[in-house]
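With chain V fixed as given, assemble chain Y onto it according to the hints.
Protein chains: 2
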Amino acid sequence: MNSYELNKISKGELKKIFSRPSVANDDVIEIVRPIVNDVKNKGLKAALSYAKKFDSFSGESIFVSKKEFNSAEKKLDKKIKTALINASKNIEKFHSKQRPKSYEVETIKGIKCRREFRAIENVGLYIPGGTAVLPSTMLMLSIPAKIAGCKRVTAITPSNDSIHPAVLFAAKINNVDEVLKIGGAQGIALLAYGDPEFNKVDKIFGPGNKYVTAAKTLVSIDPEGCPIDMPAGPSELLIIADENARADFIAADILSQAEHGIDSQIILITTSSYLAAPVKSEITKQLEQLDRKNFALGALENSSIIIVEDIDEAIKLSNTYAPEHLILNINNAEKYINQIQNAGSVFLGKYSAESIGDYASGTNHSLPTYGYARSISGVTVEAFMKSVSFQKVSQGGLNRIAQTVIDLAETEKLDAHANAVKIRIKK
Amino acid sequence: MNSYELNKISKGELKKIFSRPSVANDDVIEIVRPIVNDVKNKGLKAALSYAKKFDSFSGESIFVSKKEFNSAEKKLDKKIKTALINASKNIEKFHSKQRPKSYEVETIKGIKCRREFRAIENVGLYIPGGTAVLPSTMLMLSIPAKIAGCKRVTAITPSNDSIHPAVLFAAKINNVDEVLKIGGAQGIALLAYGDPEFNKVDKIFGPGNKYVTAAKTLVSIDPEGCPIDMPAGPSELLIIADENARADFIAADILSQAEHGIDSQIILITTSSYLAAPVKSEITKQLEQLDRKNFALGALENSSIIIVEDIDEAIKLSNTYAPEHLILNINNAEKYINQIQNAGSVFLGKYSAESIGDYASGTNHSLPTYGYARSISGVTVEAFMKSVSFQKVSQGGLNRIAQTVIDLAETEKLDAHANAVKIRIKK
Numbered sequence: 006m007n008s009y010e011l012n013k014i015s016k017g018e019l020k021k022i023f024s025r026p027s028v029a030n031d032d033v034i035e036i037v038r039p040i041v042n043d044v045k046n047k048g049l050k051a052a053l054s055y056a057k058k059f060d061s062f063s064g065e066s067i068f069v070s071k072k073e074f075n076s077a078e079k080k081l082d083k084k085i086k087t088a089l090i091n092a093s094k095n096i097e098k099f100h101s102k103q104r105p106k107s108y109e110v111e112t113i114k115g116i117k118c119r120r121e122f123r124a125i126e127n128v129g130l131y132i133p134g135g136t137a138v139l140p141s142t143m144l145m146l147s148i149p150a151k152i153a154g155c156k157r158v159t160a161i162t163p164s165n166d167s168i169h170p171a172v173l174f175a176a177k178i179n180n181v182d183e184v185l186k187i188g189g190a191q192g193i194a195l196l197a198y199g200d201p202e203f204n205k206v207d208k209i210f211g212p213g214n215k216y217v218t219a220a221k222t223l224v225s226i227d228p229e230g231c232p233i234d235m236p237a238g239p240s241e242l243l244i245i246a247d248e249n250a251r252a253d254f255i256a257a258d259i260l261s262q263a264e265h266g267i268d269s270q271i272i273l274i275t276t277s278s279y280l281a282a283p284v285k286s287e288i289t290k291q292l293e294q295l296d297r298k299n300f301a302l303g304a305l306e307n308s309s310i311i312i313v314e315d316i317d318e319a320i321k322l323s324n325t326y327a328p329e330h331l332i333l334n335i336n337n338a339e340k341y342i343n344q345i346q347n348a349g350s351v352f353l354g355k356y357s358a359e360s361i362g363d364y365a366s367g368t369n370h371s372l373p374t375y376g377y378a379r380s381i382s383g384v385t386v387e388a389f390m391k392s393v394s395f396q397k398v399s400q401g402g403l404n405r406i407a408q409t410v411i412d413l414a415e416t417e418k419l420d421a422h423a424n425a426v427k428i429r430i431k432k
Numbered sequence: 006m007n008s009y010e011l012n013k014i015s016k017g018e019l020k021k022i023f024s025r026p027s028v029a030n031d032d033v034i035e036i037v038r039p040i041v042n043d044v045k046n047k048g049l050k051a052a053l054s055y056a057k058k059f060d061s062f063s064g065e066s067i068f069v070s071k072k073e074f075n076s077a078e079k080k081l082d083k084k085i086k087t088a089l090i091n092a093s094k095n096i097e098k099f100h101s102k103q104r105p106k107s108y109e110v111e112t113i114k115g116i117k118c119r120r121e122f123r124a125i126e127n128v129g130l131y132i133p134g135g136t137a138v139l140p141s142t143m144l145m146l147s148i149p150a151k152i153a154g155c156k157r158v159t160a161i162t163p164s165n166d167s168i169h170p171a172v173l174f175a176a177k178i179n180n181v182d183e184v185l186k187i188g189g190a191q192g193i194a195l196l197a198y199g200d201p202e203f204n205k206v207d208k209i210f211g212p213g214n215k216y217v218t219a220a221k222t223l224v225s226i227d228p229e230g231c232p233i234d235m236p237a238g239p240s241e242l243l244i245i246a247d248e249n250a251r252a253d254f255i256a257a258d259i260l261s262q263a264e265h266g267i268d269s270q271i272i273l274i275t276t277s278s279y280l281a282a283p284v285k286s287e288i289t290k291q292l293e294q295l296d297r298k299n300f301a302l303g304a305l306e307n308s309s310i311i312i313v314e315d316i317d318e319a320i321k322l323s324n325t326y327a328p329e330h331l332i333l334n335i336n337n338a339e340k341y342i343n344q345i346q347n348a349g350s351v352f353l354g355k356y357s358a359e360s361i362g363d364y365a366s367g368t369n370h371s372l373p374t375y376g377y378a379r380s381i382s383g384v385t386v387e388a389f390m391k392s393v394s395f396q397k398v399s400q401g402g403l404n405r406i407a408q409t410v411i412d413l414a415e416t417e418k419l420d421a422h423a424n425a426v427k428i429r430i431k432k
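Taken in order, these protein sequences are the chains called V and Y.
Going by my numbering, the first residue of the first sequence is number 6, and it counts up by one from there.
Going by my numbering, the first residue of the second sequence is number 6, and it counts up by one from there.
Extracted from the complex, chain V is given alone in its bound form:
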């Protein structure tokens, strides 16, 4: 991690420090396109053959049976079950406040407009697998789906035969209707296009590797496919620390981000010019104990320390970067909430480690990366719903609004639009 003083670097240098590890999209899209098209045309059969090829799938069926759910529950360590239940409770408590409310407004006398919310009926959740085991992602996606009231929640995860019991238990306690042992581009395509034996879903959620992301992109721009939650990029963290921050806490947070993968990025912005050295030596020390040390070392290559004058300047920089995760390891962190414009999830004060939000504080960990926090929210209950508007016009309301509609329709030269009103007031 190189250190820079903000007032000694140029705009161009700052831009370079803030540039994310590139997400090479186009090539990967061309790799997955034939797979996606094949599953689109041939359905389950094609999906299964790719599962055999890429994930060495050797089971009889990709549909997880009730028996498998039950045996997962039996097998799973009680301590993990408790942790999953505790985390679920917090996530549910936070997300249940997100269920949006319908309302009705009489915009003018005789014209009642109404907004109603409806759950998306069929949703697909992608839970990454392979070397990773991610029951937490199952929680973060299935709980808002459940609160929204989705009719059918389907989760998929790549697997050669059996799925880690923690993942199945997380699905079971949160009403996931079916789990399929399939992942990658073939899994995404199966969700998006369906098959006579498997109904397509209406929206796909969840993180994944570059092949999954590319497949999600393809199905999201195909009118025969379906929308997705958000574009995905590597995970990232920005920490703002003042002179009171402990170097060991900061180092631990940096490493918890860095262990995700070599394309992760961490930016530490600090008002203290004395913090960089102890943070770096703490990183070296803590790194030694990590299984995923090599991932972390790679990520640190993309990461930087910036020294600024004051916290206001730090927050301004953070808003420019628009981080997925933002830690404010400073005194009176709450004071700055209103200044934070662009961020996915924010951790206030020295005890608020990012990993608490990753698992159990209650907030969602599916968050916008790559600067998308400027315009996109993390996964919410509303993302599993859509709104429908209604209007009821009485005869009086019609008379009151007719001239406005006719004048605007005629300005736009849409005669039939005007006529639909004229014919109703004529008689």
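Calculated from the structure, these hints are not laboratory results.
Check before you lean on any hint, since a few could be wrong.
It does not matter which identical chain is used: a pair holds within one copy or between any two.
Straight-line alpha carbon distances no greater than 30 Å define the calculated DSSO-like cross-link-like pairs of lysine-lysine that follow [as the list claims (entries may be wrong)]:
(1) Lys58 <-> Lys285
(2) Lys321 <-> Lys418
(3) Lys50 <-> Lys177
(4) Lys45 <-> Lys20
(5) Lys102 <-> Lys340
(6) Lys45 <-> Lys215
(7) Lys431 <-> Lys72
(8) Lys20 <-> Lys98
(9) Lys83 <-> Lys16
Remember, it's a predicted structure, so these values are computed and weren't measured experimentally.
This is chain Y only, laid out in the frame that chain V set:
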């Protein structure tokens, strides 16, 4: 418009009746890709050269001046001004209830989670131009942006030199910060990528022709670009009518949809086997008075009448089709609100013509087409905002949640995630 009785057609035939006029995407994407890339690389200069080429732009600057705004206001017929102001009031009244509220929850003692909403800072609105003049689209996009509190609202519209005064007046009364005379793929690319003289926006909204739609798709999947409101397809209407519905009203609604373009689609579902004939003869009669008769004739080719047993069956069909616009020209239409799952905007009862919602009832007319109503909302205030989550963990909260986080992190084999908590409870 061919008529069918539901109980006499097969599933396959129904699917064919419900299939939308195709949106040929891939070819168009290859046409616009070089334009988008050129503007991405060369900015305003390239955009301007395409504006000259495609829209015969001959003005000095694409930025609308204050003088132009003022002269538009002077020139515009008072009646149209009043109509725009009246429509704005209703739209504002309906949309202002959509401003989402922040909240805080203490998920467990010592862990406070919070959700805050922030306006997207820079938004771009696309207002189609060319032969069409669409001040109503300016209203439908700028009003929610204003309510959301976006810092900078930029509207673009193709123009050879001057913009219709109604469009500029609609922008002015709704606080649009700048209007640019540029459209097409080059306009979308300029919004998405910016230029040293024009800051890029964070999200693009608005309808457009197939080139605009393709350009929106391209910038939305480019991490250097920006997200968009929704995928766009041709406009569509589904009408459910009972035996009391007037054929002339229905014909007028059908034509108000059909005049949009030859790729529009209308489905009339009725419980009356006597309605088709008078509706068709009314269509023939009303068609004669329409300037856009040829567009309407084309759209009617894609359109059908389906006769069903009862209203419940009609609504079930409608939910399958997921129409952009749905008219319930039936008795006690409100009774069926809860049954409507998938639709963009719904018009209840015989006086609720679609064109009232298109212009002035208060609801938004930017709506999901092509079946996207299954999973996507029309344009709302929230679409101009995003949420940010916050968490504050006290020392006590940390102690209470630590074991849950550690157990889950260790299940996922993310040591550094566990360590970020361990190091904080150690001392």
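Looking back at the hints listed earlier, which ones does the structure fail to meet? Failing hints, ascending: 1, 2, 7, 8, 9.
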